[in-house]
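J.: Residue numbers (the working numbering), protein chains in the order written: chain V, 1 to 140; chain S, 1 to 140; chain H, 1 to 140; chain R, 1 to 140.
No lab work stands behind these hints: they were computed from the structure.
Certain hints may be false.
Some chain H residues close to chain S (C-beta under 8 Å, calculated; not the full set) [as the list claims (entries may be wrong)]:
{"#": "1", "residue": "T21"}
{"#": "2", "residue": "T24"}
{"#": "3", "residue": "M54"}
{"#": "4", "residue": "A57"}
{"#": "5", "residue": "W69"}
{"#": "6", "residue": "E71"}
Model, not experiment: these values are computed from the prediction.
No residue lacks a Cβ here, since even glycine has one placed at the ideal position from N, Cα and C.
Number of protein chains: 4
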Amino acid sequence: MTPGPCPDRHSPHTAAMKPMTDATTTVAELRERVLAFVHEREWEQFHSPKNLSMALAAEAGELMEHFLWAESQASLEVARGLKKRAAIEAELADVVIYALEFANMTQIDVAAVIETKMAANAQKYPVEKARGRSDKYTEL
Amino acid sequence: MTPGPCPDRHSPHTAAMKPMTDATTTVAELRERVLAFVHEREWEQFHSPKNLSMALAAEAGELMEHFLWAESQASLEVARGLKKRAAIEAELADVVIYALEFANMTQIDVAAVIETKMAANAQKYPVEKARGRSDKYTEL
Amino acid sequence: MTPGPCPDRHSPHTAAMKPMTDATTTVAELRERVLAFVHEREWEQFHSPKNLSMALAAEAGELMEHFLWAESQASLEVARGLKKRAAIEAELADVVIYALEFANMTQIDVAAVIETKMAANAQKYPVEKARGRSDKYTEL
Amino acid sequence: MTPGPCPDRHSPHTAAMKPMTDATTTVAELRERVLAFVHEREWEQFHSPKNLSMALAAEAGELMEHFLWAESQASLEVARGLKKRAAIEAELADVVIYALEFANMTQIDVAAVIETKMAANAQKYPVEKARGRSDKYTEL
């Protein structure tokens, strides 16, 4: 199928055949997977940035719900525990699906804007000032 | 550094040198970039699942704020317009950064859980029933 | 119990006996009702501002979920329709319950801070400039 | 203006003249105050349930942002501390303003639905089972 030594990472066909993992899946491949699902169902008509931002925020709320009453430290055990693990994974998946679909509909390159944002963050939070502190940059 | 024809996609060093784009960046590379930033500042201590889920939800709220009063259709123009484009990109970046850092701290493989979730969604929303409809699966 | 013509609005006992309505219930009475419920269950220990703000945001997300895919106009029919009315009422109740409990735990007088906020809003959004416009005050 | 011993709590005029406090303000009076502000600016056109639920969730996110990195216990000091007190009060005010305006637009009696919700909660969380526990009712 991919005769050369470099697998063609952008073919949706290939993507559909191998299981996806973070190590082997590009952001573009994940985006395409989401888009294909949406397109098959003709759901683009509902996917305005407004609606997708709402869906994203609602899913983020559902993820958060698993940790409402746990102390910060204990929340790691919640996240790792068998009881809620699958539900938490599913909520995180929903969050990222909507974020990628938002990127699809608005044509934002996620990796590029993350790189830009982290460069800005590095300016705001220089290592020597920010190390070990949770203060906002305006208060460092 | 990568003598063969396939670039070594997992070396953080390489990652730091070329600009990141969705087409050429794996999810793992993005995660590593976020983790490196956090680690340098010794911020893991603040990054419990509870705290990260809150930060994620708060950033999702900020993304949403750009579209509060626009009609669904008009929100696409907002997202594409010059006036707010950079701010919207930055908010989306923040959302995905926190989602990836949540995955880092809880050791969730994002691509894998998305694949699992989409398979479940495909069951709930079969194409022939769900096409062109925004109803919840319980009402199809 | 309250022999005079003015019912004693602050007695929890009285409050428990008559059905509560917006027209006849003070904010303080609502707060007391919430507090009594919490206190009976010894839940104050979980009700830090952090946790309550999370619960509030999560409930706001659930309220929002009823309107994800409806157009703005159509969302009024959703809110009035029999199918979802009770669920929407219950979500709004949850939101206000957590807001009042947040006020209880932080000793914020809700009516007073609303008055202060609306005075500030009136400065930012003078009637003659803001009439019929949804723009942010920085853009009026 | 109100010569008798019982102040007329429902006159908006009276409401405008005395400072509002939780002890002396009915929920209906607060709602009217919000509605008057909105009406003067002809903002009802933007206040669909969809839009108001988004605004509510966005404000809840902003309230939460003050407590992202604080431990649960320490968040009480944040809420009481001089540095952030005014901002936190203003965010809580925004949350309740949008909740009341949602109630205005959908004609929900807030006190009544809270009473209904708390009766349902009392069934789900009987005192003897729920005392001192943060578990969901399905796990008691």
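J.: Just to be careful: measuring from the Cβ of H:M54 to every Cβ in chain S, is the smallest value less than 8 Å?
T.: OK, holds: H:M54 within 8 Å of chain S, min 6 Å.
J.: Against chain S, with CB atoms and a cut of 8 Å, does the hint on H:T24 hold up?
T.: violated, 33 Å
J.: Is the interface hint for H:E71 satisfied, with its Cβ closer than 8 Å to some Cβ of chain S?
T.: holds, 6 Å
J.: Using the nearest Cβ pair, does H:T21 come within less than 8 Å of chain S?
T.: violated, 30 Å
J.: Next item in the hint list is H:W69. Is there a CB on chain S closer than 8 Å to its CB?
T.: holds, 4 Å
J.: Return the status of the interface hint for H:A57: holds when the least beta-carbon distance to chain S is below 8 Å, violated otherwise.
T.: holds, 6 Å
Of the numbered hints stated above, those contradicted by the structure are hints 1, 2, listed in ascending order.
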